[in-house]
Structures are given as structure tokens and as C-alpha cells.
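So the sequences go chain by chain: W and A. Using my numbering, read the first sequence as starting at 1 and increasing by one per residue. Using my numbering, read the second sequence as starting at 1 and increasing by one per residue.
If you are wondering where the hints come from, they were derived from the structure by calculation, not from laboratory data. Just so it is clear, CB atoms sit at the ideal spot from N, CA and C, and this is done for glycine as well. Be aware that a few hints might be false.
Said to hold, decoys possible - In silico SDA-like pairs for lysine to any residue, Cα to Cα no more than 25 Å straight-line:
hint	chain 1	residue 1	chain 2	residue 2
1	W	LYS399	W	GLN429
2	A	LYS164	W	VAL299
3	A	LYS164	W	SER453
4	A	LYS185	A	SER2
5	W	LYS199	W	PHE97
6	A	LYS164	W	GLY507
7	A	LYS164	W	GLY394
8	A	LYS164	W	ARG420
What the hints assert, rightly or not - Derived CB-CB ranges, DEER-like:
hint	chain 1	residue 1	chain 2	residue 2	range
9	W	ALA120	A	LEU161	35 to 43 Å
10	W	ASP347	A	HIS179	54 to 62 Å
11	A	PHE113	W	ASN336	27 to 35 Å
12	W	GLU82	A	VAL86	46 to 54 Å
13	W	GLU298	A	ARG11	53 to 61 Å
14	A	VAL28	W	TYR373	39 to 47 Å
15	A	ARG11	W	MET101	54 to 62 Å
16	A	PHE113	W	THR102	49 to 57 Å
17	W	GLU82	A	ALA90	49 to 57 Å
18	A	ARG112	W	GLY412	24 to 32 Å
What the hints assert, rightly or not - Sample of chain W residues lacking proximity to chain A, with all beta carbon distances greater than 10 Å (derived):
hint	residue
19	ARG10
20	TYR30
21	ALA65
22	ARG109
23	GLN370
24	LEU525
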Amino acid sequence: MSQPLLRIERLALALPEGADRLYAVDNVSYDLNVGEILCVVGESGSGKSMTANAVMGLLPTGVHATKGRALFAGQDVLAMNEVSHRALRGRRIGMIFQEPMTALNPLMRVGEQIAEVFEAHGLLTSRERRERALALLEEVRLPDPATALRAYPFELSGGQRQRVMIAMALALEPELLIADEPTTALDVTTQAQILHLIKDLQARRGMAVMFITHDFGVVAEIADRVCVMREGRIVEMGSAREVLDNPQHEYTRALIEAIPGDAVPPSRDDSASAPLLSVKGLNKIYRSSGGWFQPKREVVALDGIDFVLGKGETLGIVGESGSGKSTLGRCIVGLNTPDSGEIRLNDVDLRALQGRELREHRRRIQMVFQDPYASLNPRIRVGMAIAQGPIANGVSKVKALEQARELLATVGLDASAAERYPHEFSGGQRQRIGIARALALDPQLIVADEAVSALDVSIQAQVLALLDRLKREFELSLLFITHDLRVAAQICDRLIVMQKGRIVEHGSATEIFLSPRHAYTRELLAAIPGRHGERESVAAAAGSA
Amino acid sequence: MSFFRRFAQNRGALVGLIILALVVLLAVLAPFLYPDSPWRMVQRPFLAPGEMAGFPLGTDTMGRDVAAGLAHGAWVSLLIGLISTVVALAIGVPLGALAGYFGGKIDDALMRFTEFFQTIPNFALAIVLVAILQPSTTSIVAAIAIVSWPPVARLVRGEFLSLKHREYVEAARLVGQTHRDIILKQILPNTLSPVIVLASLMVATAILLESSLSFLGLGDPDTMSWGYMIGAARTVMRQAWWLSVIPGVAILLTVLALNLVGEGLDDALNPQLARQR
Numbered sequence: 001m002s003q004p005l006l007r008i009e010r011l012a013l014a015l016p017e018g019a020d021r022l023y024a025v026d027n028v029s030y031d032l033n034v035g036e037i038l039c040v041v042g043e044s045g046s047g048k049s050m051t052a053n054a055v056m057g058l059l060p061t062g063v064h065a066t067k068g069r070a071l072f073a074g075q076d077v078l079a080m081n082e083v084s085h086r087a088l089r090g091r092r093i094g095m096i097f098q099e100p101m102t103a104l105n106p107l108m109r110v111g112e113q114i115a116e117v118f119e120a121h122g123l124l125t126s127r128e129r130r131e132r133a134l135a136l137l138e139e140v141r142l143p144d145p146a147t148a149l150r151a152y153p154f155e156l157s158g159g160q161r162q163r164v165m166i167a168m169a170l171a172l173e174p175e176l177l178i179a180d181e182p183t184t185a186l187d188v189t190t191q192a193q194i195l196h197l198i199k200d201l202q203a204r205r206g207m208a209v210m211f212i213t214h215d216f217g218v219v220a221e222i223a224d225r226v227c228v229m230r231e232g233r234i235v236e237m238g239s240a241r242e243v244l245d246n247p248q249h250e251y252t253r254a255l256i257e258a259i260p261g262d263a264v265p266p267s268r269d270d271s272a273s274a275p276l277l278s279v280k281g282l283n284k285i286y287r288s289s290g291g292w293f294q295p296k297r298e299v300v301a302l303d304g305i306d307f308v309l310g311k312g313e314t315l316g317i318v319g320e321s322g323s324g325k326s327t328l329g330r331c332i333v334g335l336n337t338p339d340s341g342e343i344r345l346n347d348v349d350l351r352a353l354q355g356r357e358l359r360e361h362r363r364r365i366q367m368v369f370q371d372p373y374a375s376l377n378p379r380i381r382v383g384m385a386i387a388q389g390p391i392a393n394g395v396s397k398v399k400a401l402e403q404a405r406e407l408l409a410t411v412g413l414d415a416s417a418a419e420r421y422p423h424e425f426s427g428g429q430r431q432r433i434g435i436a437r438a439l440a441l442d443p444q445l446i447v448a449d450e451a452v453s454a455l456d457v458s459i460q461a462q463v464l465a466l467l468d469r470l471k472r473e474f475e476l477s478l479l480f481i482t483h484d485l486r487v488a489a490q491i492c493d494r495l496i497v498m499q500k501g502r503i504v505e506h507g508s509a510t511e512i513f514l515s516p517r518h519a520y521t522r523e524l525l526a527a528i529p530g531r532h533g534e535r536e537s538v539a540a541a542a543g544s545a
Numbered sequence: 001m002s003f004f005r006r007f008a009q010n011r012g013a014l015v016g017l018i019i020l021a022l023v024v025l026l027a028v029l030a031p032f033l034y035p036d037s038p039w040r041m042v043q044r045p046f047l048a049p050g051e052m053a054g055f056p057l058g059t060d061t062m063g064r065d066v067a068a069g070l071a072h073g074a075w076v077s078l079l080i081g082l083i084s085t086v087v088a089l090a091i092g093v094p095l096g097a098l099a100g101y102f103g104g105k106i107d108d109a110l111m112r113f114t115e116f117f118q119t120i121p122n123f124a125l126a127i128v129l130v131a132i133l134q135p136s137t138t139s140i141v142a143a144i145a146i147v148s149w150p151p152v153a154r155l156v157r158g159e160f161l162s163l164k165h166r167e168y169v170e171a172a173r174l175v176g177q178t179h180r181d182i183i184l185k186q187i188l189p190n191t192l193s194p195v196i197v198l199a200s201l202m203v204a205t206a207i208l209l210e211s212s213l214s215f216l217g218l219g220d221p222d223t224m225s226w227g228y229m230i231g232a233a234r235t236v237m238r239q240a241w242w243l244s245v246i247p248g249v250a251i252l253l254t255v256l257a258l259n260l261v262g263e264g265l266d267d268a269l270n271p272q273l274a275r276q277r
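Make a model of the complete structure from these sequences and hints.
Here you go:
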């Protein structure tokens with residue numbers, strides 16, 4: 001076997017004092033060969049990005065290597081001085097980041113940013129740089145590359161920006177490409193395109209790719225070999241086939257099971273129940289008022305939305321960013337006001353109510369928010385955060401706090417949590433607190449807006465199970481808004497697929513997954529990374545050829 | 001890490017705190033150290049510091065004890081600085097909170113009102129107000145408060161604008177909390193850290209403003225203040241420079257101490273920003 005391109009040998013990276021563990025990564029060794037895609041998988045805090053950062057010399061202050069070596073083409077990059085390390089970065093090792101908006105300079109045109117890569121290494125004349133930039137944008141298949149060269153990052157979509165990042169990383173034809181969660185911030189259909197592009201470029205150029213991700217679906221899509229990390233250690237390593245089909249370590253198994261790779265929902269009892277919420281002809285247009293020099297802009301967020309949600313039912317609203325799904329949720333709970341249309345709860349039109357009566361009905365609809373870190377007031381104790389709803393509605397403080405403790409127990413937290421502040425809890429625990437807060441007012445409907453998308457997969461599964469259990473216990477209806485079809489498949493009875501403010505398809509979850517009628521739904525389903533059905537059909541096609 | 005340890009990490013802040021503590025001590029002890037009125041003539045005029053035992057800082061043009069004036073002046077300066085800041089906060093915080101929280105027309109109206117005060121030069125307005133109201137401690141406090149609340153309102157409004165869209169505020173709206181509760185319990189506690197930092201700097205500015213007014217002879221005629229001492233000594237600057245310099249240094253140290261403390265508070269209240277340095 002030839003010498004590997006990148007060899008990590010018993011690497012240990014020490015965290016600063018006072019961190020929750022001693023080492024960010026401990027005794028990590030792996031090889032990356034030329035022309036290979038290695039996926040490093042792990043949940044947040046597993047140390048999966050740290051090794052890559054060490055190779056690039058991007059370790060955060062306070063973190064430093066204490067043991068081991070990182071050999072790139074035979075040279076230890078950890079022992080290198082800054083000058084020779086800089087010569088390596090960009091030229092021989094390229095990197096792409098998670099958030100393409102913040103990784104690009106917002107005030108520089110795309111073409112200049114790509115040209116800057118050559119400039120930093122003192123290569124080519126400025127004319128040649130521009131030509132190369134154009135060629136690169138063509139290679140990453142940006143539509144209309146000549147215009148894109150002159151565009152600012154904010155004029156491009158998320159997927160296009162990520163293509164620009166890839167073009168920059170590829171500019172000097174590196175032998176190794178490090179991709180740190182490059183598709184996490186993107187919609188599923190865009191993610192599928194970017195994964196395809198990376199795989200294609202890798203094959204064409206014979207690069208080695210280190211692909212860091214938390215998503216086993218992505219792994220199934222792209223990896224040759226997989227390295228699973230947990231709390232700074234490697235728990236399992238092997239070829240993608242081996243690890244995915246026959247995981248040895250129970251943690252790997254748990255991770256793989258936690259994502260419904262097949263994305264086919266279990267069939268549910270879909271007998272019609274009495275309607276709880278009915279929405280008719282809902283419209284909402286966002287207007288920016290426009291200044292002296294800019295025209296007015298209108299964005300149609302909701303366009304004639306109709307649906308009915310039964311008692312005890314879970315309805316999923318699925319769509320990509322900009323589809324209006326969040327606006328719909330916010331209109332239903334009353335955080336946004338629709339331009340026209342009807343929202344009826346228990347056959348009472350909420351839009352016609354006012355003041356006290358409206359408050360009385362509103363509390364029947366509660367919301368669980370997306371970001372577990374922003375949805376709890378950092379200066380209010382958890383118990384009070386849950387109790388404040390009942391208190392605002394006239395329950396005595398003592399009684400409300402008592403009830404808050406009970407609710408904490410119901411969502412699986414210790415009752416003593418009531419005395420603590422939100423920052424003492426992890427993301428998953430905070431989301432449980434958010435759910436307890438929503439339950440405190442004894443609602444009939446809970447709107448969960450991307451309630452699990454900020455969480456790790458294993459935590460996601462727990463929170464989904466909790467929601468499902470509470471739904472039965474408290475006889476709730478659930479409106480589940482998500483961009484992730486796999487999550488929707490796990491919990492929803494019926495689904496609504498939204499695109500550009502319209503409902504393009506609705507039906508039972510099983511129907512939508514097994515026989516989608518609308519082209520957009522089919523596109524969304526095909527884009528789910530790591531679907532077994534697709535892989536088998538590809539294999540079958542390869543077999544028959 | 002505890003609040004005080006974060007504060008103490010900034011050496012300058014610690015020095016500032018010590019100076020400030022000494023000034024406060026001086027102000028509190030003034031009636032015991034110098035029970036007589038600081039206006040009383042006790043010796044012959046123009047005694048240089050150290051020239052006669054019992055008058056460590058000498059006497060002024062009228063034979064009054066400079067040390068006594070300094071001690072009693074500390075009390076006046078701190079008191080006016082603190083009270084006028086409290087009054088300015090009492091005007092600025094509610095206006096800023098209402099403007100930021102409700103937005104729209106209320107915001108427009110309140111902010112135009114604020115701008116009205118911001119367009120007039122601070123010191124000129126303060127002079128006019130004191131001159132109209134007759135110089136007294138109350139009118140000086142009022143004048144300083146009236147010229148220094150607009151930045152508070154601006155700051156609080158900005159904080160409210162960004163905080164009112166936080167998810168926890170929306171959650172509070174959904175559970176039916178009243179506007180009053182949301183403003184007082186949800187948002188206001190989260191705006192306090194920048195306001196506290198600003199307030200510590202405002203005390204310093206207020207002390208400077210009071211000194212400037214007294215220097216111009218617009219101070220309360222019954223109270224000895226540092227600004228008055230400098231103003232009274234300016235005609236004899238060449239014969240007895242120390243008469244201007246001693247109260248000047250006192251003002252300098254106090255204002256510097258307050259600024260250092262303000263910076264330390266900023267570090268301690270916003271640990272994320274402080275660590276980057």
C-alpha cells in the first residue's frame with residue numbers, strides 16, 4: 001500500500017482548564033489516502049472538527065496539541081513553522097466551512113475573492129487570475145458564471161455561495177479538501193446537489209476529501225470510509241458499507257437507528273377525528289416600505305392556505321427555507337397577523353376576537369421554538385419561566401410553581417431544575433423546558449416550529465418521542481413545522497408540503513412518502529440523503545448494465 | 001467565574017475602585033475631619049501646602065482651609081453626580097423602553113422628542129437652565145439630568161429593539177403576559193448591563209459638568225465644590241498655582257476612577273467580549 005496522504009498518529013489536543021473534559025480529541029489515529037473520501041461523523045462536542053482544525057492550524061486559543069503527529073505527505077504539520085504551514089494551506093490543503101454567508105467577505109465581489117487566493121500565494125497576473133476564477137465558477141457549475149464573478153455574496157443563494165466557497169478551496173488544486181459540515185445550513189435539494197458536486201470533483205481531480213458531518217444520511221451518500229467519533233475518541237472506523245450495514249459499536253448503531261434512513265413512516269390510524277383547527281384562505285404578503293432610492297418589495301409568504309387539523313392529530317408542514325411554513329405557524333399562534341383569511345379554533349374565528357376573549361382562546365395554542373438557546377430568558381429561573389404563563393392568567397404564584405415542578409418531571413427533568421437558570425442545561429434539556437412551558441397553560445394545540453432541528457440526532461429522537469408521548473397523555477394536537485422530511489416521517493400523521501407560500505400537496509404521511517403526486521414533493525424525497533430505496537435502485541441499475 | 005473575579009481581572013478597574021473608595025471615604029468623613037464650615041476663614045491667605053502645620057494643603061485667597069474645601073467638595077461632587085445620573089436614568093430608561101418596545105408612531109414621537117434635546121449643545125443648555133432656575137443644588141441636578149438622559153434613551157431603545165424579537169419574549173406574549181410584565185420582567189433585566197456601564201460613565205460626566213458650572217460661578221452659593229475652588233483661584237493662577245491644581249487633580253482622579261470602574265464593569269458584565277482581548 002502506498003503512503004497515505006494524511007496520517008494522524010495518536011493525536012491528543014488539550015482543552016484549556018475548566019472545560020468539561022481534559023482533551024478535545026484523545027489518542028486519535030487515522031489515515032486518509034489519495035482519492036478517498038473519509039467521513040468523520042459525530043455529534044456536537046465529539047471533537048470531530050478539532051483534528052481538521054489542527055491540520056489547518058486553526059485551533060482556537062487555549063487548545064493545543066500535546067501528543068502525536070499529523071503527517072501530511074510525510075511532513076508533520078503540527079511541528080511546522082508558520083511560514084511553511086501557510087504555504088501548505090490553500091495550495092495543498094483546501095477547506096470549506098459550514099456557513100457560506102459568514103465565510104465569504106460580504107463587501108467583496110465573488111470574482112475578487114477567488115482571485116485573492118492566487119494573490120495570497122503570489123501566483124499569476126491579475127488577468128490570468130480573473131480567467132481562472134471564471135473557469136473555476138464554471139467547474140462548480142454556477143449558473144451564469146460571468147455574472148456571478150461580479151456579484152456580491154448577498155446576491156447569491158445559500159447553495160450558490162457554497163459553490164463559490166468550493167471554487168475558492170479548489171483554486172490552487174489542493175491534494176486534500178477538508179469540508180466541515182458544508183451542507184448543514186442548506187436545504188435538502190441544495191444539499192443533494194452540493195454533495196453530488198463534491199463527489200464529482202473529487203473523482204475528476206483525484207483529491208482526498210475529509211468530510212466532517214453529523215448526518216449519517218450524508219455519510220451513506222458520499223463516504224468511502226467512515227470514522228465515528230464520540231467525546232474525543234474514535235469509537236469505530238471502517239469502510240462505509242461495513243459501518244452502515246454492520247455497525248459494531250452500539251453508539252454507531254444508536255446513531256444510525258436514530259435517523260430514519262428509509263424515511264418511510266409507520267402506517268398510522270388515520271380515521272378522521274373532529275376538527276380542532278381549520279384555516280381558510282390565509283394570505284400574507286411581506287412588504288418592505290422602500291426608501292428614497294429603493295423600490296418597494298413584496299414577498300408572498302402565504303397564498304390561499306386551507307387546511308384542517310383534527311383533535312389529537314399531528315400535522316406536519318414541510319418545506320424549504322422561504323416556503324412560508326414558519327409564517328404560517330406564526331400566524332396561527334398570533335405572532336404575525338395574516339392579511340386576510342380565517343383561523344378557526346373549536347369553530348371560533350380567532351381573527352374576529354379581541355382583548356380578553358382573544359387572550360382566553362389564544363392560550364389554547366402554544367408554541368415550541370426552534371432555538372433552545374434563545375427561547376429561554378437567561379435571567380429567569382426555569383421554574384418561573386414555566387409558571388409565568390399560568391401566573392399571567394390568574395393562577396396564584398405558589399400553585400403555578402408547584403405545577404411547574406410537576407411539568408418538569410413530566411418532560412423527564414428533575415423537579416429541582418426549577419431553581420436553576422437556563423444556561424445550566426444542555427440544548428436537549430432546554431427544549432424539554434420549552435415544551436413544559438408550552439404545556440403549562442393546558443393547551444389544545446402545540447405549534448412546534450423546527451423544534452428539533454437544532455439538536456443532535458440522538459437527542460432529536462428523544463425529544464420526538466417525548467412529544468409523541470405527551471400528545472397522547474394530554475390529548476393534544478400537534479402542528480409540526482420542519483424542513484426535514486425524515487423528522488416529519490417519524491412523528492406526523494398527515495403532511496402538508498409547501499412551496500413559495502402555497503400548499504402543493506397534502507395527504508397522509510404514508511401516501512406522501514410512498515406515492516408523491518407533485519413534482520416538488522418527489523424532488524424533496526429524492527434529495528433526502530442516504531435513502532435506502534435510492535441506493536438499491538442505483539445498485540440495481542449498475543447491476544443490469 | 002464570579003462577578004468580582006471577572007471585574008478584578010482588569011487591573012485598571014481595581015485601581016479605579018480603590019481611588020473611588022478613597023474619594024467616597026473622604027466625602028463621608030468630611031463632617032468629622034472638618035466639622036467647621038469650609039467657608040470659614042481660619043488663617044492668613046496664600047499659605048502654600050506644608051507651610052504651616054495643621055494646613056497640609058494650605059489656604060486660599062481668603063484664608064480658607066483648602067483641605068477642608070476639598071473634603072466637603074468631594075461630598076457635593078459625588079452627590080450631584082449620583083443624583084443627577086439617577087434622575088437621568090429615571091427619564092431615559094422608560095422613554096427608551098417604550099419607544100423600543102412599541103415602535104411605530106410612539107417610537108417616532110419619542111425619538112423626535114429625544115433628538116430635540118440632542119441637537120442643543122449640552123453645556124449651553126445646562127447653563128441656560130441653571131441661570132433661569134437660579135443656582136441651587138436642585139437646579140444643578142435638574143439641569144445635568146435634563147442634558148444627559150438622551151443617550152440613555154437611545155441605548156435602551158436599541159436594546160429593546162433587538163431583544164423584543166427574541167424567542168423568549170415571543171413565548172411570553174403567547175402565554176398572555178401583559179406588555180407591562182414583558183417590559184419589566186422579560187426585557188429590562190437583559191438590558192441592564194450596558195445601562196450600568198453607561199451610568200458609571202455618566203456619573204463622571206455629571207461631576208465634570210457640575211465643576212464647569214461652578215467654575216463659571218453658577219454653582220450653589222452655599223456649597224463648597226471643586227469647580228468653585230478652581231474658579232475662585234483662577235485669578236491668582238500665577239501667584240498660587242496649587243489653588244487651581246489641587247481641586248483639578250481631585251476632579252481628574254475621580255473622573256478617571258469612574259471611567260476605569262465603568263470599563264471593568266463592562267468586562268465583568270460582558271465576559272464574551274472581554275475574553276477576546
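Each hint tested on the structure:
no.	hint	in the structure
1	LYS399(W) / GLN429(W)	holds, 23 Å
2	LYS164(A) / VAL299(W)	holds, 23 Å
3	LYS164(A) / SER453(W)	holds, 23 Å
4	LYS185(A) / SER2(A)	holds, 24 Å
5	LYS199(W) / PHE97(W)	holds, 16 Å
6	LYS164(A) / GLY507(W)	violated, 37 Å
7	LYS164(A) / GLY394(W)	holds, 24 Å
8	LYS164(A) / ARG420(W)	holds, 24 Å
9	ALA120(W) / LEU161(A): 35 to 43 Å	holds, 39 Å
10	ASP347(W) / HIS179(A): 54 to 62 Å	violated, 30 Å
11	PHE113(A) / ASN336(W): 27 to 35 Å	holds, 30 Å
12	GLU82(W) / VAL86(A): 46 to 54 Å	holds, 53 Å
13	GLU298(W) / ARG11(A): 53 to 61 Å	holds, 56 Å
14	VAL28(A) / TYR373(W): 39 to 47 Å	holds, 45 Å
15	ARG11(A) / MET101(W): 54 to 62 Å	violated, 39 Å
16	PHE113(A) / THR102(W): 49 to 57 Å	violated, 38 Å
17	GLU82(W) / ALA90(A): 49 to 57 Å	holds, 55 Å
18	ARG112(A) / GLY412(W): 24 to 32 Å	violated, 52 Å
19	ARG10	holds, 31 Å
20	TYR30	holds, 33 Å
21	ALA65	holds, 22 Å
22	ARG109	holds, 29 Å
23	GLN370	violated, 8 Å
24	LEU525	holds, 30 Å
The structure fails to meet hints 6, 10, 15, 16, 18 and 23 from the earlier list, while all remaining hints are met.
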